[in-house]
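Just need the whole structure built from these sequences, with the hints factored in.
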Amino acid sequence: EAQVTQNPRYLITVTGKKLTVTCSQNMNHEYMSWYRQDPGLGLRQIYYSMNVEVTDKGDVPEGYKVSRKEKRNFPLILESPSPNQTSLYFCASSSWESSYNEQFFGPGTRLTVL
Amino acid sequence: GQQLNQSPQSMFIQEGEDVSMNCTSSSIFNTWLWYKQEPGEGPVLLIALYKAGELTSNGRLTAQFGITRKDSFLNISASIPSDVGIYFCAGPKGGSEKLVFGKGTKLTVNP
Numbered sequence: 009e010a011q012v013t014q015n016p017r018y019l020i021t022v023t024g025k026k027l028t029v030t031c032s033q034n035m036n037h038e039y040m041s042w043y044r045q046d047p048g049l050g051l052r053q054i055y056y057s058m059n060v061e062v063t064d065k066g067d068v069p070e071g072y073k074v075s076r077k078e079k080r081n082f083p084l085i086l087e088s089p090s091p092n093q094t095s096l097y098f099c100a101s102s103s104w105e106s107s108y109n110e111q112f113f114g115p116g117t118r119l120t121v122l
Numbered sequence: 053g054q055q056l057n058q059s060p061q062s063m064f065i066q067e068g069e070d071v072s073m074n075c076t077s078s079s080i081f082n083t084w085l086w087y088k089q090e091p092g093e094g095p096v097l098l099i100a101l102y103k104a105g106e107l108t109s110n111g112r113l114t115a116q117f118g119i120t121r122k123d124s125f126l127n128i129s130a131s132i133p134s135d136v137g138i139y140f141c142a143g144p145k146g147g148s149e150k151l152v153f154g155k156g157t158k159l160t161v162n163p
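Going down the list, the protein sequences come from chains A and B.
Just so we're on the same page, the working numbering is the position in the first sequence counted from 1, plus 8.
Just so we're on the same page, the working numbering is the position in the second sequence counted from 1, plus 52.
Keep in mind that the hints are not guaranteed to be accurate.
What the hints assert, rightly or not - Selected chain B positions facing chain A (Cβ under 10 Å, derived; list incomplete):
1) P60
2) F64
3) Q89
4) V152
5) G154
These are computed hints drawn from the structure, not numbers from a lab.
Think of the CB as a built atom: it goes at the ideal place given N, C-alpha and C, for glycine as much as any other residue.
Written out as structure tokens, the structure is:
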């Protein structure tokens, strides 16, 4: 089954404790992206990657890091989480065949930073 | 920057009614996308539009790419309870690979 998986689905942590949210897709998509979703603000892009070893900033990249060492994986790293990073996070992927527009989303990771 | 304005923000309708929502921008978009997000799930692509004036259907859903390229519309006919969710429009920002999303229209369907 074609899918985007994220782990963990729920995470409660404390300020300053480094964490990684993993994302994996099995569709051989070139493009992968991370979004955060906050009430009243909708979905905002954090980082995206056009292919292996190619990453670029989205609209809200501050406080986040990403890496793309393999085509299928695109982890999101919070080196020193802060309470304002409490949010619902989505990973997505798409193919060049749709000009990267038709994105498949993962189920989401709900992060709470205390 | 490019923003997408969706209206209405929320809708409360009775089962069987038709629904219309729209998305507008001050900038031109070359692609319009409509996604649906159900509670506890990630957004799912409903319809993609690539040509001005294009009208595309997916079951009871119909979306249109506005002639001005600055707007798009989504209609749902004969709504059912499983239509409940948040509907987002989206488009590539400035012709780039970045997607910008509207803030969504939350639909509630009363049986």
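Against the structure, the hints come out as follows:
Checking P60/B against chain A by beta carbon gives a least distance of about 15 Å; that is not within 10 Å, so the hint is violated. Restraint check, F64/B versus chain A: the minimum CB separation of about 19 Å is more than 10 Å; hint violated. At a threshold of 10 Å, the smallest CB-CB gap from Q89/B to chain A is about 8 Å, leaving the interface hint in force. Interface hint status for V152/B: upheld, as the beta-carbon distance to the closest one in chain A is roughly 8 Å, under 10 Å.
About 6 Å separates the beta-carbon of G154/B from the nearest beta-carbon of chain A, less than 10 Å, and the hint is met.
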